[in-house]
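So you can see what is in the structure, the chains are spelled out below.
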Amino acid sequence: MDSLIVLLIPLLPLIGFIISGTLNKQANHTLINGLTCGSVFVSFLLSVILFYQLQSGSAPISYKLLNWIYVGALKLDLSFTVDALSSIMLLIITGIGFLIHVYSTGYMHDEPDYARFFSYLNLFVFFMLLLVMGNNFVVMFVGWEGVGLCSYLLIGFWFKNNAYNDAAKKAFVMNRIGDLGFLIGMFLILNKFGSLNYQTVFDLASHAATNDPTITVICICLFIGALGKSAQIPLYTWLPDAMAGPTPVSALIHAATMVTAGIYMIVRTNVLYTLSPDAGFLVAVMGVATALFAATIGLKQNDIKKVLAYSTVSQLGYMFAALGVGAYETGMFHVITHAFFKALLFLCAGSVIHAMSGEQDIRSMGGLRKKLPITHITFFIGTLAISGFPPFSGFFSKDEILAKVHEYNGGFMLFTILAITSVITAFYMFRLYWLTFWGNFRGNSHQASHLHESPKSITIPLILLAVFAASAGLIGLPHLFHAPHLLNNFLAPVIINAPTLEASASFEIALIVVSLIVLALVTYITYQIYVAKARIPVADADEKGISKWVANKYYIDELYNALITQPLQAVSTFANNYIEKYVIDGTVNSFRWLTNTGSLLIRQIQTGSIGLYIFGIVIGIICMFVFKFYLA
Amino acid sequence: MNIISEVGINSYLWLAAILFSIGVMGVLFRRNAIIILMCIELMLNAVNILFVAFSVMHNNPAGQIMVFFIMAVAAAEVAVGLAILILMYRNMGSVDIDTMKKLKW
Amino acid sequence: MLAEIFSFKKILPVLVFFGLATALYFNFNDWSTYHSYFYNMTTIDNFSIVFSSLLIGAVIMWLLMAGSYYRDENKITDHLAIICFALVGGILMTSYTNLMMLFVGIETISISMYVLAASDKVSLRSNEAGLKYFLMGAFATGLLLFGIALIYGCTASFDLGVIAGYVSAGNLPQMFYVGLILILSGMFFKAGVIPFHWWTPDVYQGAPTAITAFMATVVKAAAFASFFRLFQMSFAGVAGWWIEILIIVSAVTMIFGNLMAVSQTSLKRLFAYSSIAHAGYMLMAIIACNDMGARSLILYAYAYSAASIGAFAFLIILINQLQTDHQDALKGLAYSNPLLAIFLAVILISLAGIPPTAGFFAKYYLFTTLISQGYVGLVIIAVLSSLIGVYFYLRPIIFMFQHSNVETKLKISQSSLAFFALVTLIIVILGFMPQLIIEII
Amino acid sequence: MSESLLLLMLPLASMLIVAVYNGDKGLLSKGAVAASLISLLASVYVLLTFNSTVGFQSVSSYNWIPSLGINLSFGLDGLSILLVMLTNFLTPLIILATVNREIKNQRAFYALIFLMQFALIGVFTTLDAFVFYVFWELALIPIYFICLMWGGKYSGAITLKFFIYTLTGSLFMLTGIIYLYLQTPGSHTFALQSFYTLDLTAQEQSYLFWAFFLAFAIKIPIWPLHTWQPDTYTDAPTAGTMLLSGIMLKMGIYGIMRWMLPVMPLGIMQWQNLVLVLCIIGVLYASCLALVQNDFKRLVAYASMAHVGLIAAGVFTTNIYGLQGATIQMLAHGINAVGLFYIVDIIQSKTGTRQINELGGIAHNNRLFSILFVIVLLGTVALPLTNGFVGEFLLLNGIFNYNIWFAAFAGLTIILGAVYMLRSYKSIMLGDIASPSSKFETLQYNEKIVLSVVAIAIIAMGICPQYFINLAQPALENIFQLSHLHN
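Residue numbers (this note's numbering), protein chains in the order written: chain A, 5 to 636; chain B, 26 to 130; chain C, 12 to 452; chain D, 32 to 518.
The hints are simulated quantities; they were obtained by calculation from the structure and are not laboratory data.
One thing to keep in mind: the hints can contain errors.
[Said to hold, decoys possible] Computed spacing ranges between beta-carbons, pair by pair:
no. : chain 1 : residue 1 : chain 2 : residue 2 : range
1   : C       : L333      : D       : R398      : 50 to 60 Å
2   : B       : A108      : C       : D56       : 35 to 45 Å
3   : A       : K79       : D       : L229      : 48 to 58 Å
4   : C       : W252      : D       : D230      : 33 to 43 Å
5   : D       : N94       : C       : Q332      : 41 to 51 Å
6   : D       : D230      : A       : A63       : 31 to 41 Å
7   : C       : L350      : D       : L58       : 18 to 28 Å
Note that the structure is a prediction, hence the values are computed from the model and not measured.
Just so it is clear, CB atoms sit at the ideal spot from N, CA and C, and this is done for glycine as well.
Chain A extracted, bound-state conformation (with noise of 0.2 Å):
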């Protein structure tokens, strides 16, 4: 019965998407909301079930769909099976989705493509969780490249804005680079493995030699995969871009799921990753990077779900640090409290844009803490748990990377700039909560009179999530309060002969204390500037100096577009113009022109005189008899 549940919690979504797929505009709302969020729901309890009998112990329940491509060596079928990891995923995946199909019935209620949207939803629910679900690699790349098309078709949901459009088609080929890693790493696997289960690559796999170099390659390659799609740093501008989509689009796919869809792969191949020790190193240097660099261009972005985006960028870049140095349930954990307090944050700053009638730029905003209470109140428990004030569940998962990165031999380094880049999140979340929330109202009149708090559907998901936001921390107490970790023990079985990382229990006390008191710190300088100061950020023409140089984002979309669209662009004009008219086609042309000019010339031998004939004639004969009797 159970391995029935496991096909019905992607198939629920799945025809929720076709029914209201094909819906015309004039469907009743309640029909569709009923529909989608209703086989979303019922999908979560089915996970719920799931969970706990995993959480009793019973092996991963799997389902198998269809044989689908059986050629050679190659052996693949669709199917399904949820293990721990994989159960985790799904309650994160419904549970967070659910709230926000509520949400965004609130929010997109006067949208005209009101079916197409929820739709799209769906669509993107069912492929996220294929992704989660396969049980060889195949299957979840089929889940990556269709949550990358959802990505597309939401970002660019309004396409009558042309920008919309080049953000979502940006998005897509971005996902596409990194699909290409994706794809050469299971080539790679295949070849060294002989099949694309998990259960035989990570048996085979677990009696490999460590420092193996395909199998580094191997990890390499499915790293280039999730870079594509958690957007770290040579392929994350299209994250921000994606804002172009609606705010619950946002938060479900740029704030908790699609996202740590590499962090997910990465944990799901942890056996290869324990075996390279230098690929994890390069995952955690990179994650390392993005981290601190999302982050500082976060301190000067000034529209508010920009600042979102770099600050889940940098959250991301924590994710991967903590799967770089080996600790893999660490990097789960904070997938599970990133995954609130962000879908949080975002739908706060929707509730916002809501209120302020779609203007984002938080320049214009300010005071709002009267207007909009249960939204202020959320966003700030977000606020707090991000930055990692202690009762909240970003003080326990992040401090965890924190004292694992710490752990790892030549990890200090890393550790500095991480605890840097903890002070700058803290820092650009106070200032974008300061600037939003506190001060006075900078919008205008009609701004002003349209501010109200938004209705019940957008409120309830929102003091949900924040009281996940704020008790998630209890599921992986650290040592030092004896407490049971309890996210470990159930990820056990999946993690494989992981290295152990114990920090000493004084670091872990010294590292509470400072970063509490950094952080005070932190709020109260916050405070003066934007609030007892109001030191409004400057507009962005006349920005100076290295702020100017950080306000654009370093100008990395610009050298992305001089490094590879312009000369592809070029090549590809000269290719046309030139090599394919001159050079290919005029080989061939000038056949013919051969064969013209040939006989325009042959032709005049054609002189009609009589005696000019007779003289060929001659002359013929004469060759022949040369040829016959002096050559041959």
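Please arrange chains B, C and D on chain A, whose structure you already have, making use of the hints.
For chains B, C and D alone, kept in the frame of chain A given last:
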């Protein structure tokens, strides 16, 4: 006793060859159609000489019979040729072959 | 053979038609018997029968086609007489075993051709064509005779069998080779291959179209038949010596023949040059001078003459009604009278050698014989030149099928349409069932 | 009467019916669609009763020219049944696509299409080299006339170039076939089996390789020999382009699999590297060109060239993944190409222009068309769960097993593919409504049917390709054996 064995076939061969080449030269260099006609006849007669010489050398009559054939055919040929020349003269007013240059390329 | 023609005009064509039909019938019934006439100057063996039936068939088709040519002329009897006279010469050329008979055959066919070429008194072009053909023809016959004389000098006989015996005896004198080259050049002239092709374009264009059709089919087929018969029967022994010449000449003919045809705008001259090119292909058959070569020559001759009769028939109609043979006259033909366009397309495709037609099979069979003899290089040249060929054969098709706005409607009588249908049928049948001819020999 | 012959004769019969029938226009097109459906049903029947384990099925051979060893022998094995199915599946779609377009002398048009189908099925089912060559050329004639009579302004010059280009290749193939024919022992035969058992020296095989490769490379087209492709595709009428890109391309690839791999494996071994490099350059070159095209039909032509270059690369890797991937991708590309070109035709017929920059915002008021366009687009971009992905995955895996770097470069195609397809989709469908696209009224009944059939086929093949893989497996297995047996 036949004269050929005394004088030797080569001299006849040379004679015929020389006559033949004179005929060819005539056809090549002369412009007047009638002269060309006559040179062609010369060439045919050179061949006749050769035939007769060889037939006597092998003393088998076939060669001489061939000569008759050639003469008959040559006559027919000349008749037709002259008819065409008259036609040409009536149309072109001259017998010079260079006037006949319309069909070219 | 054929009774002399008496002068009763109306039923004349019908009479001639029956005469030829009976000749064809007799021809077939003494199949594969081997008896010779005129003190074994001529023999009837399968090779000669197939070729003579081809010639007779071609003349019958010619009669059907060239109705307009001889019906409105008053001197109808003379033309038909000369045509039949030329046919006699042709049959002689295909079934001789004696050089003397070869000479007689060649002369009969050439002289009648001189007359026919110049037969259109009014047009200066026909006069010029006649003159040119006469002068060069006579010159070439002179060469041929000189060659025959030298061969006779060495072998002391005209009979091909004796010559073959003499040749196989070995250590031939220098004179023999000189004679051989002269005969070769004479034959080349009759076949119309490159070093000796000068006359073909001008004469074909000058002569009235019906006569050009006759020349392109009957005369060329007879020339190649005699060429093949002579070299296969008598000079096969010394083949290694003359084959090199043939290879070079045929290669040059194919390439230059096709090249010259590319830039022609007048259709008549286009078909003249294409006949040179096809002469090059037939020459290839002679290179492989075994019975397989014979079969490919026959098949090629059949395919080529069928196609060119059809082509020239179309030209006759075109010139009679539009007074021009420029290729633009073909514009939009597919839309004005589609059936005619389809027939002409099939004919052109067969000339170009594209599969479903007889032309393709002939070329294919030719290539097989040559590759089996090991001349792969020559085949490659043949392939390239046939490509050039496709280039200019398709141009009329493009003109016909593309410009659909011209409304010059050619008035086609039912009978000529039936004739075209017959020609196309022959081409397609030969394309699909070539074994009719190949298995004969 | 063996099935293969039945399959062959049906299009011929339908051609005759259409050519003779001169009723009114509407009935004619309906009749044509009905005729093509009959041949589709026949091939479905044959497909069902087909067990692919045994070698060549329902072989029937009638001797055509016994003295030369040429006999009309037809037979079906896994590979050819798939391609016959593709032909019979696409032809009704192609005819249905042109039902409501007004075409001059429709009778000739449909007769030529059926002649084309007859020749294609001939190519795919024949087991005799000479008959293969005859059908190969025969297929060229109808497409030539279709493009000539219903093509664009310059159709004369373009089709002439296309015709001669293809003919050059096929004539060299003819010399190759003749050479092989003469190698067969005794009285020389053209039978396919006898070619398989020939043992030729490496030198001979490399010459033969070039003779055959030239013909197939021009037909596919592989990179340096492709100059005819863009012009002919853009200038031909839609039905012509669909026939060309949908099925005629596959003749080349089928030819390689049937005639080159088993007959001259040593030749292939020698030139494998070079050909793979050419194919991959072709793939990247075509994708780059597709980036900058402004005419949507020309863009789709380059896109189809890029995909087919990948298939050719897959075939030449001579490992089972490559072969299997090529077979699946052939089917997938056939369906996608027909879908895409039909979309181009719809856009052009409704808005009057194909220039990407003039169009925009069609998606606003016709959602069905945009959904179908997205599905076909995803099939071309090889998104998982569409038919493109299965083929592309196997192909890249095949190339990967051959050489990592080739796979890396070949992999770039999925990125570039996404770029140019999405770029064109964006500028045609999304954004603000441009003047021409405002005239875009809703789809007619036949357009809806064709596009939805294509979309369903794309999704269905993506989800369960195993049916086709099982069918082709034994046939590819024995080609694989034969091509490795020799060395």
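### Query
Hint by hint, which ones does this structure get wrong, listed from lowest number up?
Those not satisfied are hints 3, 6.
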